[in-house]
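Given only the sequences and the hints, what does the whole structure look like? Please build it.
Chains as they are written, first to last, in the working numbering: chain A, 1 to 213; chain B, 214 to 406.
No lab work stands behind these hints: they were computed from the structure. Among these hints, one or two may not hold up.
Claimed, not checked - Simulated coverage check for chain B against chain A, where a stretch passes if three residues somewhere in it have a Cβ under 8 Å from a Cβ of chain A: (1) 236-246; (2) 273-281; (3) 292-306.
Beta carbons are placed, not taken as given, at the ideal position from N, Cα and C, and that holds for glycine.
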Amino acid sequence: MKTDDLINLLAAGEVAVPRRSASGRIGWAVLAALPLSFVILFAEYGLRRDLVQAMFWPMFWVKVLFPLCIAVAAFVTLQRLARPGVRVRQAWWGGVLPVLGIWGLAVFAWFSLPIEERMPSLMGQSWRICALSIGLMALPVFAAAFVALRRMAPTRPALAGAAAGALAGGLGAAVYALHCAELTAPFLAVWYVSGIAVPVLLGAALGPRLLRW
Amino acid sequence: MARTTVGRRTDWGDAEAALRSLFLRGLDGDASAYREFLQKLSAHLRAFLGKRLFGWPDEVEDLVQECLLAMHNQRHTYQSDQPLTAWVHAIARYKMIDLLRAKSVREDLHDPLDDDLAVFAASATEASDAKRDLGGLLQTLPERQRLPIVHVKIEGLSVAETASLTGMSESAVKVGIHRGLKALAAKFGGTAS
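The structure is reproduced here in structure tokens:
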């Protein structure tokens, strides 16, 4: 077929596209999937019993807000990666800085604790299930973000997949924080960050396979 | 855009403005503006890709068609406050890398995959024949996608006429066109390797 014939084919009939028809897709996908993470939380884990009391502890808010910051930064980054020719600029720093912050806090806490309390503050009571649980909480948003991305046009699919993973992992960790009883910075720095890193790596691996267009 | 010098910008600044206005009118439903946009765009793509694929002149027209189809299918991802050059360049580059990766000769490329946005700097209207037979690809689509494309896009019938002709609902016709063009784009990529 000649290129002119293809052009005639593409330009025939209705060519209109509603303006901004793409802008809300990822946001709506996240909003639709997030309740599922809460369903998993309530069905399999439950809220921590002292949740109301915990809300008065600064460390509880660190635990909820540092993954949320990652998720917000990942969302902004993803919106840019999903469109051809839009520069990512500095948005990804918003995902790196909270991790650096929690690592700094953990190093400080580690060296200010007596030696015999250091390992317990790192392993807590629940290190075995923490990263896996965050991954489970992240799953609905992860899948929804990929479905939304498949209808967009990411030209760097591995990065887009990783950003989708960071979005899902950040939200998953923030939801899981409502159940988890650990409150030490070393625990968060290792196990929460690992829990978020798993969907990031998975997204980076799946992106080039699933996001081709 | 801070990296772009003023002197370079004037080379394709006019083309950017003209193409963008045609494209935006097309997105609002003006089919003749959209056709003119695609025609001018294809000339720019032909020059842009021809310069970078001069080792494989046979591939250029195929890639031009593949880019046009991809840009049509992804036109909803263009933001009207964004330079059209950046959007077009990113898609053309993505499709070109795809082709080169399929050929596994990226390292032999004389002209590296540069970041400059000179996609509108030149224009070539002489189209050579595409190797790939788009008509043949169309035949491989299932009927619910092929018939809407043939009736609406090639024969020029309205969506309503096509619906009554084929017994499909109007929304099924629209969905068939949309999915069919996406499937064509996918088949394009598949045969490139």
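To see whether the hints hold, each was checked on the structure:
{"no.": "1", "hint": "236-246", "verdict": "holds (count 7)"}
{"no.": "2", "hint": "273-281", "verdict": "holds (count 4)"}
{"no.": "3", "hint": "292-306", "verdict": "holds (count 12)"}
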